[in-house]
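Please take these sequences and the hints and turn them into a complete structure.
So the protein lines, in turn, are chains C and R.
Residue 1 is where the first sequence starts when you use this note's numbering, and the numbers rise one by one after that.
Residue 1001 is where the second sequence starts when you use this note's numbering, and the numbers rise one by one after that.
Where hints are given, some of them may not hold.
Chain C side only, calculated, beta carbon under 7 Å to chain R, not exhaustive [to be verified]:
hint	residue
1	Asp208
2	Tyr209
3	Thr212
4	His227
5	Lys230
6	Asn231
7	Pro235
8	Pro306
9	Arg307
10	Lys309
Here are the simulated distance ranges between beta carbons [stated by the list, open to error]:
hint	chain 1	residue 1	chain 2	residue 2	range
11	R	Glu1454	C	Asp208	22 to 28 Å
12	C	Gly18	R	Lys1145	38 to 44 Å
13	R	Ser1082	C	Arg8	50 to 56 Å
14	C	Ile299	R	Gln1445	54 to 60 Å
15	C	Asp208	R	Gly1020	47 to 53 Å
16	R	Trp1320	C	Asp208	53 to 59 Å
17	R	Asn1449	C	Ser219	43 to 49 Å
18	R	Lys1384	C	Ile299	40 to 46 Å
19	C	Leu225	R	Gln1127	49 to 55 Å
20	R	Pro1406	C	Glu168	35 to 41 Å
21	R	Ser1082	C	Val131	57 to 63 Å
22	C	Leu225	R	Phe1136	27 to 33 Å
23	C	Ile96	R	Glu1416	48 to 54 Å
24	R	Glu1376	C	Lys7	54 to 60 Å
I should point out that these hints are in silico values taken from the structure, not numbers from a laboratory.
Each residue gets a CB set at the ideal place from its N, CA and C atoms; glycine is no exception.
Below are the chains, spelled out letter by letter.
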Amino acid sequence: MKNYIIKRLLYIIPVIFGVCFIIFVLFNLVGGDPTHMLLGKHATAQQMEELRRTLGLDRPLLYQYFDIVKSAFTFDFGRSWNTKQEISTMIMDGAIPSLSVSLPGFILSSILGLIISVVVAYYRGRKIDTVVRIACIAGMSISSLAYILFFQWFFAYKLSLFEISGYEYGFPNFLPYILLPSIIWIILSIGPDVRFYRTVILDEIYQDYVRTARAKGLSEIVILLKHVLKNAMIPIITYVVIQLPFLILGALLLESFFSIPGLGGITLNALNSSDFPVIKAMAVLSAVAYILFSLLSDILYTVFDPRIKLK
Amino acid sequence: MSENILEVKNLSVEFHTPEGITRAVNDISFDIPKGKTVGLVGESGSGKSVTSFSIMKLIPSPPGKIAGGQILFEGQDLVQFSEEKMRKIRGNQISMIFQEPMTSLNPVFKAGDQIAEVLQIHKKMSQKVAMEKTLFLMDQVGIPKPSQKYHAYPHEMSGGQKQRIMIAMAMACEPKLLIADEPTTALDVTIQKQVLELMFDLQQKYNMSMLFITHDLSVIADIADDVAVMYRSNLVEFDTCKKIFSQPRHPYTKGLLACRPNLDKNPCRLLTVEDFIKDGVEIESPKVYDDKIEKNLDSEDTLLEIKNLKTYFPVKGGFWGRVIDNVKAVDDVSIKIKKGETLGLVGESGCGKTTLGRSILRLNPLKSGNILYKGEDITLYSKKEMRELRKKMQIIFQDPYSSLNPRMTIVDILREPMKIHNIGTNKNERVDRCKWLLEKVGLNQQALNRYPHEFSGGQRQRISIARALAIQPEFIICDESVSALDVSVQAQVLNLLLDLQDEFKLTYIFISHDLSVVNFISDNVGVMYSGKIVEYNTARNIYHNPQEEYTKTLLAAIPKGVPKDFLTV
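Spelled out as C-alpha cells, the structure:
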C-alpha cells in the first residue's frame, strides 16, 4: 500500500511534464503574440521588445517550458499581467469564496441524494419510485439559468429572503450570500445524483448475496444499509471524487450571476483579457488536482472493497 | 403434532407478467418427515426452485404470488405469516443453501462475520459470543484454522470452502429444516463428494430435516429418504428413494434415470427424456442403443501433435513489478490426436485443462513447446497465418448464457464468422447455410430472427455449436460445453456432438470435470493434475483399470447413481 502510494506519486512527475508541454505548445504556437494583445495595434517595435523582456518572453523556449513545470511543484505562478498581483494569492483569495458555495452544496447534495436513492430503492417499482424518477428528469431538463434567474427574482427580490448577489469575506459574514447559490447547486446536482445512485443500488439488489441475506432473516432495511450500500460504494466513490476538482475551480455561471469573487470569475476575467499566466496557472492546477483526486479514489476503494489490493 | 416437519398441500405459485400469468408451480403436495431428507428433482424451469423459495417466502413479489394451497411448518401455515414473522423463521428455523457459492456470499464482508450475523440477529448473541460460536461452527464444517479463516474474505477462499461457509451459516441456529438448492452443482466431483458427506453427517447429528433440490438424480441417491420429481410445474412422482430408482412409474423419471452417462454401460448414444415422453405423451417402448464400437484410429493421420507444451503465467511483485515467480498452468504436456478422435481432458478446477485448450488455439502466450497441426508447427505462425488457421479450429465455451451476444439475432450470430472467413459469396447463400446449420443442430428455422434470451440453456448451446460449425472446422475444443446444462439436456447435446462428429469427421478435445461424461464421449482420456497429464489411456482402460492414485480418487468421487443399499431391495 505504502509502496503503491509512493509509486503513484512518482507517476505524477512525468504526467506534469506532459501536461505542461501541452500547455506550453498551446500558448506559444497557437496563442499568438501576447504583446500584440497587451499593447494594442499602435505599439512600436521598441515598446513590444521592452515588454517582451519584462515578461520574460525573450528567454530561450526551454527555460520558459521549465518555468511552467517548476510552477506546478512550487505553486509560484508569478504575477498576473492584468492586475500585477501575485497569482498564488489571487488563487488563495478566490478559492475561499468558491469553496464556500460549492462545498456545502456538494456535501449536502451527495448525502441527500444517497438518502433519497436508498428510500427509492426500498420502494422500487412503487408509486414513490416513479414520482422521484420523473422529478429527477424534470429537474435536470430545466436550464440552470432558469433556476438562477427565477430564484434571484422570487426569493431574493420579491420575498427578500436572501441577498441578491455579492460576497463578504470571513465567517459568518458570507453566510447570507452563499445560501441561495448553494441551494441552486443542490437542486442542479441532485437529479443526476439520485438517478446514478439508484441504478447502482438496484444493480446490487438483484445479486445472489442479497438473496442469502434475506434467507438469513435480515430485514430489508438492514440489507440495504449494510450489505448493499457497502458494495455500491465503489461506483459511488468514483462518481463523487471525480467531481471534487470542479469544486475548487468554482462554478462559472453561479459565481458570475451572484457576483461571487471566486476562481470561476478569476478564470473568466483572465480569458477575456488574455492574462496568460493566470490561465496557465489554472490549467496546471486542475491537472494536479485531477491526478491527486484519482489517487485518493483509488485509496478509498481499498477501504470498501477487500478484493482490491494496491500493489 | 404430526410426524412431518413440513407439509406442502396443493401449493400453486403464479407469476404475473405483462405477457400473462405463468403458473410456475401447479397444485403440488408433499411432506418432509422429521429428521429425513427429501430430494426434489427436475430440470431448470420445472418449478423446483420456485417451490423452495415459496417455503421461505422469498419469491420476488411482484411478479410472483402464492396463488393457493398451504405450507404447514410444524402445523402452522407459513402462507399466512406476515413478513415480520417470516423473518424470525428464516435462518433460524428454516435455512437455505444456494447453488452458487461464488456469488452467494457478500464479497465485502469477512466470512466469519457473515456467519456471526445470523447468531446476532436470531439468538441475540453479543459479538464476542457469536464469534466463539462461529469458530466452533467453522470447525464443524471442516474449515481448517477457523480463527484465521474467520477474518478471510470470500474471494480468498475456494469454491468448496465458500460452500462450507454457507453451510455453517445455515446451520448456525440449528434449524429444523435445511433447504439445499443445487448446493453441489457448481463444484468439482471430489469437492461435491466432501460437501455431500458433510451435509449428511450434519443432518444425522442434529436430526434435522432436509429438502435437497437437484437436477441430477444420481447426486441424491445416497442421501435422500424420499424423492419428489417435478416436471413442467407439476409433481409427477413422490415416493421412497428406493422405489424411484427401482420402479420409476412416470416416463419422465424413467428418462431422467436413463440419460445420465453411466460408467458401467457404454452405449453409442444416450437415451434422453424425449425417448420416454414427448409433448406429454408417454412413449411405450423407448429406443435401445447398441454399445459403442471402439473406433479404429490406427490408420488415420495425426491431426494435432503437441510436444512439451509449457504455459506459465508470471507472478509480479516488488516495487518495480519484476517477475518473481511463475504459475505453471501447463507444464510439459505432450499428446497426439488423430483425425476423427475425441480426446477427453479431465481434472479439477485449476488443473490447467482450460489453459491447455486455449494454448493449443494460441489464445495464450506459450512459454515453450511445439504444436504441430497436420505436421506444421503453428507456434511459428504469424498472426495472419493464425487467423487463416482458426477457420479450421473452433472452441465452444461452458456458459451458453454469456457467450452469445444478447443484442444480435441468431442469423447475425451465425453469419458473422462466415463473413470474417469469406464463406459464402452473398447474403442469401449465407442465410441458406444458417438454415442448414440450425437444422443440423436440431433447431427450427424460425429461430433465425430471434435473440439469444428467447432460448433455453440447451438451445443456446446448440446455437454455439452451430456457430462453431459455421466455418467448416476440422477440429473443435469443447471447454466444459455441457457442464452448465441439466442432465436431460446434456444427454441431447452429447448425442448431437457425436452425430456431428460422424457426419463431418470432426476431431474433438473435450474438456470437463465430469468423468462420466468424458468417458461416454471420448476415445482417449488424459487426466490432468497441476499442469501435467498424469495418466493417458483409452477411455475404457482409464475407467476400468486406472493406474494413478489421483485417477482412482477422481473415479471414487463420482456419485454412483444408485442408493447405497440398492442391491438389498
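Evaluation of the provided hints:
1. About 4 Å separates the beta-carbon of Asp208 (chain C) from the nearest beta-carbon of chain R, less than 7 Å, and the hint is met.
2. Using the Cβ-Cβ criterion of 7 Å, the hint placing Tyr209 (chain C) at the interface with chain R is satisfied: the shortest such distance is roughly 4 Å.
3. The interface hint given for Thr212 (chain C) holds, since its Cβ lies 5 Å from the closest Cβ of chain R, which is under the 7 Å cut-off.
4. For His227 (chain C), the interface hint holds, the least distance from its beta-carbon to any beta-carbon of chain R being 5 Å, beneath 7 Å.
5. About 5 Å separates the beta-carbon of Lys230 (chain C) from the nearest beta-carbon of chain R, less than 7 Å, and the hint is met.
6. For the restraint placing Asn231 (chain C) at the interface with chain R, the shortest Cβ-Cβ distance is roughly 6 Å, inside the 7 Å limit, so the hint holds.
7. Because the smallest distance between the Cβ of Pro235 (chain C) and any Cβ of chain R comes to about 13 Å, over 7 Å, the interface hint for this residue is violated.
8. With its C-beta approaching chain R no nearer than about 4 Å, Pro306 (chain C) sits inside the 7 Å limit, and its interface hint holds.
9. At a threshold of 7 Å, the smallest CB-CB gap from Arg307 (chain C) to chain R is about 5 Å, leaving the interface hint in force.
10. Taking 7 Å as the C-beta contact cut-off toward chain R, the hint placing Lys309 (chain C) at the interface is violated, the least distance being around 10 Å.
11. The given range of 22 to 28 Å is respected by Glu1454 (chain R) and Asp208 (chain C), whose C-beta atoms sit roughly 24 Å from each other.
12. Distance hint for Gly18 (chain C) and Lys1145 (chain R): a CB-CB separation of about 49 Å, inconsistent with the stated range 38 to 44 Å.
13. Between Ser1082 (chain R) and Arg8 (chain C) the CB atoms are about 53 Å apart, so this pair conforms to the stated range of 50 to 56 Å.
14. For the pair Ile299 (chain C) and Gln1445 (chain R), the supplied restraint of 54 to 60 Å holds, since their beta-carbon distance comes to about 57 Å.
15. Range check, Asp208 (chain C) to Gly1020 (chain R): Cβ separation about 28 Å, and the 47 to 53 Å hint is violated.
16. Distance hint check for Trp1320 (chain R) and Asp208 (chain C): the Cβ-Cβ separation is about 39 Å, which falls outside the suggested range of 53 to 59 Å.
17. A C-beta distance of roughly 46 Å is found between Asn1449 (chain R) and Ser219 (chain C), which places it inside the suggested range of 43 to 49 Å.
18. Taking 40 to 46 Å as the suggested C-beta distance range, the pair Lys1384 (chain R) and Ile299 (chain C) conforms, at roughly 44 Å.
19. The supplied range of 49 to 55 Å is broken by Leu225 (chain C) and Gln1127 (chain R), whose beta-carbon atoms lie about 18 Å from each other.
20. Taken as a hint, the range 35 to 41 Å is violated for the pair Pro1406 (chain R) and Glu168 (chain C), whose Cβ atoms sit roughly 58 Å apart.
21. Taking the beta carbon of each, Ser1082 (chain R) and Val131 (chain C) are about 27 Å apart, not inside 57 to 63 Å as hinted.
22. Separated by about 29 Å at the C-beta atoms, Leu225 (chain C) and Phe1136 (chain R) satisfy the suggested range of 27 to 33 Å.
23. Distance hint check: the CB atoms of Ile96 (chain C) and Glu1416 (chain R) are about 59 Å apart, inconsistent with the given range 48 to 54 Å.
24. Evaluation of the 54 to 60 Å hint for Glu1376 (chain R) and Lys7 (chain C) yields a failure: the beta carbon distance comes to about 45 Å.
Figure legend: structure checked against the earlier numbered hints; hints not met, in rising order: 7, 10, 12, 15, 16, 19, 20, 21, 23, 24.
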